[in-house]
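Protein sequences, first through last, are from chains A and B.
In the working numbering, each number is its position in the first sequence, counted from 1, plus 274.
Just so it is clear: in the second sequence, position 503 is 495 by the working numbering, and no numbers are missing.
Hints are not guaranteed to be accurate.
If the Cβ cut is set under 10 Å, some of the chain B residues that face chain A in the computed set are [claimed, not checked]: (1) Leu20; (2) Ala77; (3) Ile153; (4) Tyr156; (5) Ile175; (6) Leu194.
If you only want the chain A side, here are some residues facing chain B, beta carbon under 8 Å, derived [to be verified]: (7) Leu684; (8) Pro685; (9) Val688; (10) Leu691; (11) Val695; (12) Phe698; (13) Ser699; (14) Val702; (15) Gly714; (16) Val717; (17) Leu721; (18) Leu725; (19) Leu776; (20) Arg777; (21) Ala779; (22) Ala780.
Calculated from the structure, these hints are not laboratory results.
Backbone N, C-alpha and C fix where the C-beta goes; we use that ideal spot for every residue, glycine too.
One-letter residues, chain by chain:
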Amino acid sequence: MTLAATSAAGAANLVQSVDWAAVAPPAIAAVVALAVLVADLFVPAARKQLLGWGAIAGLVAAIVALVPLRKGDRSTFCLTTGADACSYTADHFTLVIQFLVLGGALLTALLSLHETEERLPPGEFWFLLLCSVAGAALLPASRDMATLVVALEVASLPAFALVGLKRGDRMSGEAALKFFLSSVTATAVMLLGVSFVYAATGSLHLTEIAQNLDDVPAPLETLAKAGVALTLVGFAFKTAAVPFHFWVPDTYVGAPLPIAAYLSVVGKAVGFTGLILVTVIAFPTYADVWGPALAVLAALTMTVGNAGALRQAPTRAWSAVRLLAWSSVGQAGYLLVPIAAAAYSGDDQIGATVAYALMYAVVNLGAFAVAALVARAHPLNRISDYRGLYATRPGAALAMGFFLLCLAGLPPGVIGLFAKVTVFSAAVDAGLGWLAVVMGVNVVIALYYYLQWTAVLFRAPEGAPADRPAPAKQPVPAAVTVAVVVTAAAGVALSGYPQLVLRFAADTLF
Amino acid sequence: MLDISESVMQFLLVFLVAGPLAGAAAALLPAPPGLRGKSPDQAVLRHGVTVTGAILAAAIVLAIGFDHGRPARMQATTDISWIPALDVRIHLGVDGISLPLLVLTALLTFLCALYSYFKMPAGPSPKAFVALLLVLESGTLATFAVLDLLLFFLAFEMVLIPMYFLVARWGGEGRRAAAWRFILYTLLGSVVMLLGLLLVGLKAGTFDMVALATDNGRDITTSVQVIAVLAIGVGLAVKTPMWPLHSWLPDAHTAAPTVGSVLLAGVLLKMGTYGFVRIVLPIAPDGMHVLAPYLAAFAAAGIVYGSLACLALARTGARGDLKRLIAYSSVGHMGFVLLGIATMTPTGVNGALFANVAHGLITGLLFFLVGAIKDRYGTADLDTLAGATGAALYGRAPRLGGLLAFAAVASLGLPGLAGFWGEMLALFGAFRPAEGLSRPAFLTFMAVGAFGTLLTAAYLLVVVRRVCMGARPDAGRPPLPDIQRYEFAAWSPLAVLTVVAGLWPAVLLGLTDPAVQKLLAGGKS
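Pulled out of the complex, with its shape left as it was, chain B reads as follows (with noise of 0.2 Å):
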C-alpha cells in the first residue's frame, strides 16, 4: 500500500525479531531514573507494554509497507552467514503467509501485556514475568520470519523454556505436572523434527528454505522424503497438536494463567501448522502425498473427538473445567487446519492458513473470557458456575455475557464471523483434494468433519446456555463486576478483527492465495 523502502523493512523485521530480546534484557536490569513510575512491579510491567506496543507498531507499519501486489513474493529480506560451518543463515523474510501470522502475534502479545499490567496473574516477580513474554514474542516471531531450516528449529525450541516457566510459576492448579507434560512432549516431538530436517538439509545439500522449497523436493528421493516428512510432521503435529498427540494441551491450559493461555492457544499453536504449510508441503511434496491422507485421517478424528470431548465437558454433572473445555475445541479447531493441509490444494491450504488465524483471534478471546469469569467466580468449573439453573451471566454482567456468546458463536463457525471461511475452504479443499489423492478417502473425511462441525456447534451453545442464561440471582448476592476499562481495551480489538474477517475474508486470502498456489507449484510458477 505505502512504499517504505527496502532498507526500512529489512529494518523493521529485524526489529521484531530482536527487539523483544533486548526488551527482555532491559526488563531484568532496575529501571532507569525517571521511569520509575510508582513501584518496580508497575514500571516492568509498564515496560512490557511499551516494548510490546513498540513491536506491534512495527509489525503494523511492516503490513503497511508490504508490497500487497506480490504477495508470493519475500519480501524485507535479510540473509547474511551466520554459522558457515553448518551451513546456517541468518535469513529473514516475510509474505503472504507469514504476514498474517506475525502481525496476529504481535497484537495477542501485545494484549496480553496490556492485560496483565491491569491483571497481573498471581506469582512471583512481575520482572521475570515480563522477560519470559518478550522472550516467547521473540521466539515465536523467528519462527515465522526465518527462511532457514535450523534456525527455524532454534527458533521453535526457543519458546519452549519461556513457556514452561510461565505455566510453572504464574499457573493454577496442578502446574508443575501440566508445565513438564508440555515442555517434555513438545521436546520429544521437535528431536525428532530436527532429525527430518537434518535429513532434509544433507540430502539437499541446503538448509535455505526458499531454495529448498524452488527446488519442490526434487533431489530428494521419495523414501528419503516420507521418513523426513515422518519425522518434521511428528514434531510439528505435536505442537498443533494434532490427535492423538494432544494429550499434553488440556492439562498445559488449564493450569497457566489467563495470559500464557491466551498465547498457546492463539499463537504457539499456528507454528505447527505454519510449519507444515512453510517446509513438509513445498520441500517434500512426493512424501507429503504418501502421508497425506494418513494426516488427513487423523486431522478427522481429531475434529470429532476434539467436539466429543467438549461435548462431555459440558454436560451437568461431568465437572468439566471452562478453559479445558476450550482447550479440547482447539484440538477440533486445529483438525480443521491440518484436514485443509492434507488436501495439498490451494483451496484446502488458503483455508487452513484463514482458519489459523481466525482461531488465534476467536480462541485467544475466549481465553481472555474465561480467565475473566474465573476471576469473577473463583472457579471455571461449569457445575460449580451453573448451579441449579445457569450462572445467568446475561442478568448478572450483561456486557461480558454477550461477548462470551459473541466468542461462542463465532468459534462454531457462524457465517459472516472468521470461523465460518476457514473451515468452509478446508472442508471444500477436501471434496476435491490434489491429483493423486484418493478422492473417495477425502470425501469420507469431508464428511466426518462436517458432522464435526454440527458437535461443536451443540457443546458451543450448551456452553452459551449454561453460563450465559439462567434464573436471575436472587438480590442478596453482591452485584458481578460487568467489563472494566482495561479489559474492553484487551478484548475489542480481537472481537473486531472477527467480524472484520468474517465480512471481508479478501483481505486475508488476497495475501495468502498466490504465496500458497506459488508454494504448491514450487519452482515451476
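Isolated chain A, as found in the complex (with noise of 0.2 Å):
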C-alpha cells in the first residue's frame, strides 16, 4: 500500500509515509511507559496504584490494536527506490509473537501489581516494565538489522534495571549486574557480526542480505561467515542456550519473581524471534553452517539445563525459582529443534517453535504466578514449602500440578504433550533422528523433577494438623488469582482444542 502510494509519487521523493495502524502495538506501549513515567510525578503516594492499572489498559490496548492487523498483509517504512525491502512487516509470524509478548506482558504486570505496593518503585517499575515491552514487541517486526539490534536493546536495557529494583536487596543488585555484563558482552559481539555482514554483503535489510550473501565475493567469504557465527552468539544469549545460559539462575532468583516470570517468557521469545529472523530470512544461504550448529546448540542446552534442574534440593533456599530457571533453560532447547530442522527442510518448521512458545509461555507463567502466591506465606520459595499446599489452597494446588504437566508433556496436560509432538515430528521431517532421541531422553530426565514437584503438592503437610495449628491463611492479591485462573483456563481450553496454536505449526508464517 504505502509502497505503491510512494512509487507513485516519484523515486525522488524521500519522504515516507508511515502505516500508524501498523506500528501501533509496540507505539503504544512505548507511549503509555512515557505517560506512566510523567503521570508519576504528579500522582499522590497513596494513589500510585493507579500506574498500574494505567500500564495494564495501555497493554491491553496494545493487544487491542492487532485486531485489525490480523491480515497480516502491512509493512511500512519501505525502501523508497529499487528493492522492495521494508524495514517493519507485520506479517502473522509477527502478529503471534507480538500477542505473546503483550500477552506475557499483561500477565506480569498482573503479578507485579501487588508488589509495586510493597516492595517496588511504582513508577519506575512500571516505566521501564513498558519500555522493555515496547522493544520485545518491535522486535519479530524489524526486517532490518539496525532495527533489529535497537529493538534488542530496548527490550534488554530496562531488564537490567528490572533485576536490580528490589530494594535494598544484594542480590537482586548482583543479579543485575551479572545479567549485564554478560549480556553487553554478546550484544558487542553481536554487533561485530552485525557490522561484519554489512561489511560483506552491503546491506541491512534482511531480505537483502540473504540475496547479496549468494554472491559474496571470494575474499569477503570468511568475513561473511564469521559475520553470521557471530550474529548469531548475541541470539543464542538471549536464548539463553548453552553455553551462554550461566547468568539465568542466579539473575532469575535475584529478579522480583514477576521479573524473573517476565525473563523467563517475554526475554526468550525476544532471542528465538531474533534467531529465526536472521537465520531464515537473512542468512538462509549459510544454512549449513548454522543448521548443525544450531542442532548441537539444542541438544547441549536442553541437557545441560535439564541435568541442572534435576540437580536442585528441594530444601534449598529459593529452589522452586532455581528449578523453574534451569527448566526454562532445558525448555529453549526443545524451541531451538525447530529452527535447527528449518535448516534442513524449509521455512515451515519455524511454525512448531513458535507453537511450543505459546504453550510455554501459558504455563510458564501459570507456574511463576502459584509461585507467586506461595511465595507471600514462604519468602524463601523452596519446593520443600509447597508440600501439602492441596491441604490449603486445592485450587493452587490442582493448577500448579497442572502446569508442571503440562511442562513436562503428560497428560492431562495434552497441550504439552501435542506441543512436544510437534517438535518430535519436526526433527524426525528433518531428518534429525538423534536429535530427537536426545530429547527424548531429555523429556524423560525432565519429568522426573516435574513430577516429583508435583508428588509434593498432594503430599500430608508436614507434621500432624493436629499438634500443630494450620498458619492463617494470608489473602492472595486479586490480581495475582486473576492469573492463575486466566492461564490456567489458557492451558485447559488449549488442551481441549490443541488446534488453537498448533496451526502455526502447520502453514507458513511469513
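Since each chain comes alone in its own frame, lean on the hints to assemble the complex.
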C-alpha cells in the first residue's frame, strides 16, 4: 500500500509515509511508558496504584491494536528506491509473537500489581516494564539489522534495571550486574557480527542480505561466515542457550519474581524471534553452517538445563525459582530444535517453535503465578514449601500440578504433549533422528523433576494438623488470582482444542 | 446379536471413553444433596462403583449390539477432526480384536471399584483414589478404542499419572521407588515409541490406523519399517513387559495396592501386546518380518526366565513374596503372548489375543486372592505364611484355599480352563510360523516355550502345596475369616469367565479370528 503510494510519487521522493496502524502495538506500549513516567511525578503516593492500572490498560490497548492487522499483509518503512525491502513488517509471524509478548507482559503486570505496593518503586517499575515490552514487540516486526539491534537493546536495557529494582537487596543488585555484564558482552559480539555482514553484503535489510550473501566476493567469504556466526552468538545469549546460560539461575533468583517470569517468557521470545529472523530470512544461504550448529546447541542446551534442574535440592532456599530457571534453559533447547530443523527442510518448521513458545508462555507464566502466590507465605520459596499445598489451597495446587505436567508433556497436560509432538515431528521430518532421541531422553529426565514437584503438592502437610495449628491463611491479591485463573483456563482450553496454537505449526507464517 | 442402531453404538463407544473422565471430575466435586451417603468417603466410593458399573453396562450392551457376523469390520466408528495441524482425528471404532479387551477392562475396573468400596486400601482420602481409578479406566479404554496413532499415544500416556499415584500413595513398602521405576521405565519406552509412530505417520502421510493397516506398509520402505518397528516395539515391549525390559514390573506389583496390581496385570500389560497386534503387525509387516525371530527369542527367554524366577521365589527359605511371584509369572505368560505375535500367523496371533484375555482374568483373580491373604495374615511372605509345614488354607479357610488352587491350576494352563487355549495356540503358531520366517528357529522357541509350561506347572503346584496344604493349626490360633460376601461378588465373575472361556473358546476365537485374518492380509482381503 505504502509502497504503491511512494513509487507513484516518484523515486526522488525520500519522505516515507508511515502506516501508523501497523506500528501501533509497540508504539502504544512506548507512549504509555512515557505517560506513566510523567504521571508518576504528579500522582500522590497513596494513589500510585493508578499507574499500574494505567500500564495494564495500555497493554490491553496494544493487544486490541493487533486485531485490525490480523490479515497480516501490512508493512511500512519501506525503501523508496529500488528493491522491495521494508524495515517493519506485520505478517502473521510478527502478529503471533507480538501477541505472545504483550499477553506475557499483561500477565506479568497482573503479578506485579501487588509487589509495587509493597516492595518496588511503582513509577520506575511500570516505565521500565513498558519500555522493555515496546522493544520486545518491535523486534519481531523488524526486517533490517539496525532495527533488530535497536529493538533488542530497547528490550534488554530496561530489563537490567528491573532485575536490580529490589530495594536494599544485595542479591538483586548482584543479579542485575551479572545479567548486565554478560548481556553487554553478547551484544558487543553481535554488533561486530552485524558489521561484518554489512561489510560483506552492503545491506542491512534482511531480504537483501539473503540475496547478496549468495554472491559474496571470494575474499570476503570468510568475513561473511564470521559475521553470521557472531550474529547468532548474540541471540543465543538472549535465549539462554548453552554455553550462554550461566546468568540465568542467579538472575532469576535475584530478580523480583514477576520479572523472573517476564524474562523466562518474553525475554526468551525476544531471543528466539531474533534468531529465527536472522537464520531463516537473512542467512538461508548458510543453512549448512547454522543448521548443524543450532542442532548441537539445542541438544546441549536441553541436556545441561535438565541436568541442572535435576540437581536442585528441594530444601535449599529459592529452589523453586532455581528449578524453574534451569527448566527454562531446558525448554529453550526444545524451542531451538525446529529452528535447526528449518535448515534441513524449509521454513515451515518454524511454526513448531512458535506453537511451542505459545504453550510454554501460558503454562510457565501460570507456574510463576502460583509461585508468586506461595511466596507470600513462604518467602524462601523452597520446593519443600509446596508440600501439602493441596490441603490449604486446592485450586492453586491443582493449577500448579496441571502447569507442571504441561511443561513435562504428560496427560492431563494434553497441550504440552502435543506441542512436544510437533517439535519431535519437525526433527523427524528433517531427518534429525539423533536430535529427536536426545530430546526424548531429556523429556524423561524433565519428567522426573516436574513430577516430583507435582507429587509434593499433594503430599500430606508436614506434621499432624492436630499438634500444630494451621498457619493463618494470608489473603491473596486479586490480581494474582486472576493471573492463575486466566493461565489455567487458557491451558485447559488449549488442551481441549490444541488446534488453537498448533495451527501455527501447519502453515507458513512469513 | 441384537440389532442396535449405529448411532447408539457410536454413543456407547464415546461414552466408554469419555464417561469415566466425567466421572473423575465429578468425584472431585462435593456430593450433591441426596447422594451424600453415610460419610463423604462412603459417598465417593459409591460414586466410583456407580460410574464403573455404568461403563460396564455400556460395554456389555456394546458387545451385544456388535455385529458378530462381521467382526473384522470396524463398528461403532466415530471420525471427527480434532487437530488438523497435526492431522490428528478423533477416530474411534471397535472390532473383534478390541471388543474383548474393552469388556475385560470395564469388568476388571468395576470389580476393583466394588472391592475397594468394601475394602479401601490404606492411604489418603478415597476421593482422589476414585478419581484416579476412573482416569485410569478412561485411558485404558481409549487405548483399545482409538484408531489414530497419535491418539493411541495420548491414551497410552494417560494411564501413567494415575497409576503412579495409585502405587505411590496407596501402596505398601517401597512404594515410592517402585512408582518411580514404573513411570520412568514406561515413559522412556513410550518416548521412543512416539518417535517410531511419527516416523510411520510422516512417511506414510497419515496417522489413521485403518488406512495404514489397509496399506499394509506398502508406502514405507523396508529399512524405515525396521527402524519404526524397533522404536515402536521397544515402547510396547517395556509395557508388556518383555524380558529383559521387565524389571520395573515385580517392584511395581509388590508395592501396589491390591486393586492396583489387578489393573496393572489385568489391563495395563495388555496395552503393550494390543499395540503389537494393532499397529506393528499390519502397518509395518516387512519390518516385523525382519525382527520377528528376535522378538520370539526374547519371548521364549522370558517364558523360561519368568518360570525360573518363580521357582526360585517359591523355594523354602527364599523369603519370596507371593505378589512378586505372580508378577514374575506374568512375565512368563506375556512371553507366550509375544511368541504368538512373533509367529505372524493367524493361529499364533489368535492364541496371543486369547492368552491376553485369559491372563487378564486369571492373574486378576490371583492378585485379588493374594491381596486377601496378605490382609488376613498381614504378610505375603511365603516363608512366614507357610511356617514349617504349610499355611493350611484348606483347613483354616477352605473356600479361599479352594479358589486359590483353582486360579493356580488355571494359570498353569490346565485344559478346560482359560489358560490352556492361548498358550497352546501360540505354541502351534510357532510350530508353523509365517512364510519367510526361519522354521528351525521357531521350532526351538516352541520347544523352549513348552519346557516353560512344565516349569510353570512346577512352581504353581509348589505354591499351592505351601499355601493351601499343611498341618492343621492348633486350636489356640484365632480362626481365619473365609471369603466374605463382597469378595465373593468381586471374584466369582472372574472364576466363572475363566471356566466359560476354557470350555467354549469359540466365543473369543470367533471374534478375533476374522479380524486377525484381515489385519495380516491388509488390503488384500
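Structure-based check of each hint:
Taking 10 Å as the C-beta contact cut-off toward chain A, the hint placing Leu20 (chain B) at the interface holds, the least distance being around 8 Å. With 10 Å as the threshold, the beta carbon of Ala77 (chain B) comes within range of chain A, its nearest partner Cβ sitting at about 4 Å, so the hint holds. Below 10 Å, beta-carbon pairs count as interface contacts, and Ile153 (chain B) has one with chain A at about 6 Å; its hint therefore holds. Because the smallest distance between the Cβ of Tyr156 (chain B) and any Cβ of chain A comes to about 7 Å, under 10 Å, the interface hint for this residue holds.
A hinted interface residue such as Ile175 (chain B) counts as satisfied when its beta carbon comes closer than 10 Å to some beta carbon of chain A; here the least separation is about 7 Å, so the hint holds. Taking 10 Å as the C-beta contact cut-off toward chain A, the hint placing Leu194 (chain B) at the interface holds, the least distance being around 5 Å. At its closest, the beta carbon of Leu684 (chain A) sits 6 Å from a beta carbon of chain B; the interface hint therefore holds under the 8 Å criterion. Interface hint status for Pro685 (chain A): upheld, as the beta-carbon distance to the closest one in chain B is roughly 4 Å, under 8 Å.
Contact between Val688 (chain A) and chain B, as hinted, is supported at the beta carbon level, the nearest pair being about 7 Å apart and thus within 8 Å. For Leu691 (chain A), the interface hint holds, the least distance from its beta-carbon to any beta-carbon of chain B being 6 Å, beneath 8 Å. Interface hint at Val695 (chain A): satisfied, since its Cβ lies 6 Å from the closest Cβ of chain B, which is below the 8 Å cut-off. Hint status for Phe698 (chain A) relative to chain B: holds, with the closest Cβ pair at about 6 Å, below 8 Å.
Given hint, Ser699 (chain A) at the interface with chain B, holds; its Cβ is 5 Å from that chain's nearest Cβ, closer than 8 Å. Interface restraint check for Val702 (chain A): the shortest CB-CB distance to chain B comes to about 5 Å, inside 8 Å, so the restraint holds. The restraint placing Gly714 (chain A) at the interface with chain B holds, with a minimum CB-CB distance near 4 Å, inside the 8 Å limit. For the restraint placing Val717 (chain A) at the interface with chain B, the shortest Cβ-Cβ distance is roughly 6 Å, inside the 8 Å limit, so the hint holds.
The beta carbon of Leu721 (chain A) is positioned within 8 Å of a beta carbon in chain B (closest approach about 6 Å), and the interface hint is therefore held. Interface hint status for Leu725 (chain A): upheld, as the beta-carbon distance to the closest one in chain B is roughly 7 Å, under 8 Å. Against a cut-off of 8 Å between C-beta atoms, the interface hint on Leu776 (chain A) holds, since the closest Cβ of chain B lies about 4 Å away. Annotation: Arg777 (chain A) was flagged as interfacial toward chain B, and the flag holds, the nearest CB pair being 5 Å apart, inside 8 Å.
Among the interface hints, the one on Ala779 (chain A) holds; its C-beta lies about 5 Å from the nearest C-beta in chain B, closer than the 8 Å criterion. The restraint placing Ala780 (chain A) at the interface with chain B holds, with a minimum CB-CB distance near 4 Å, inside the 8 Å limit.
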